[in-house]
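Input sequences plus hints: build the corresponding full structure.
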Amino acid sequence: PDFTRRVNRRDLAAYLDWLAPEAPDLSLAVEVRAADLMTASFARFLAERNFALVLVDRIGTADLYDTWLECVDAGLGPDFALIRWIGDDRNGPQGDRELQVLRDADLARWADRIAELTGRGRTVYGYMHNPYEGHSPASVRRLRELLTGRVSLPDWPPDGAEGQLSLF
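In my numbering, the protein residues as written are 2 to 169.
Keep in mind that the hints were calculated from the coordinates and are not lab data.
No residue lacks a Cβ here, since even glycine has one placed at the ideal position from N, Cα and C.
It cannot be assumed that every hint is accurate.
[Unchecked claim] Cβ pair distances, simulated, as ranges:
id : residue 1 : residue 2 : range
1  : S153      : V8        : 40 to 46 Å
2  : A15       : L103      : 41 to 47 Å
3  : D160      : S42       : 44 to 50 Å
4  : G120      : S42       : 25 to 31 Å
5  : D160      : V8        : 48 to 54 Å
6  : D90       : E117      : 23 to 29 Å
7  : A75       : T124      : 14 to 20 Å
Below you can see the structure in the form of structure tokens.
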């Protein structure tokens with residue numbers, strides 16, 4: 002659904018208030034796209050209901066990492082974080098075969114952040130879009146290199162993995 006605070010504040014709050022006790026065993030995260038919901042108060046609202054705020058690295062989108070970290074430090078929110086690396090999905094790299102725009106400083110900052118979150122007991126999940134640097138698998142490998150030795154990482158590729166992996 003598409004929500005904004007100005008138009009849907011009560012409906013969104015009611016929905017999230019209803020959902021929280023209905024799904025206590027699910028790990029749920031909310032990605033905010035409406036600028037009027039990119040606030041500390043909404044981040045805290047989510048954390049108080051044990052939802053994660055999706056941390057987004059996207060051109061033109063507010064960076065809510067510090068806001069979310071305040072919730073984590075207050076003992077709020079779930080035991081995981083979800084990050085979406087989008088980059089410039091309007092005018093950024095096109096295609097999906099090679100790195101086109103290296104974002105070294107951004108990846109280094111995210112490596113620091115992931116180390117910080119895992120140090121606070123959070124499991125970190127992420128989704129890298131091709132527009133971030135032009136080739137998401139290569140971007141993930143670059144980020145993994147920055148994280149090696151800083152956080153516990155699973156073996157990659159997993160033992161016995163051949164070809165495309167399956168989620169189910």
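Do the hints match the structure? See the list:
1. Our hint of 40 to 46 Å for S153 and V8 holds, since their Cβ atoms are close to 43 Å apart.
2. Checked against the hint of 41 to 47 Å, the C-beta distance between A15 and L103 comes to roughly 44 Å, which is consistent with it.
3. Judged by the Cβ atoms, the range 44 to 50 Å given for D160 and S42 holds: they are separated by roughly 46 Å.
4. Distance hint check: the CB atoms of G120 and S42 are about 26 Å apart, consistent with the given range 25 to 31 Å.
5. Between D160 and V8 the C-beta distance comes to about 50 Å, which sits within the given range of 48 to 54 Å.
6. Separated by about 26 Å at the C-beta atoms, D90 and E117 satisfy the suggested range of 23 to 29 Å.
7. Distance hint check: the CB atoms of A75 and T124 are about 19 Å apart, consistent with the given range 14 to 20 Å.
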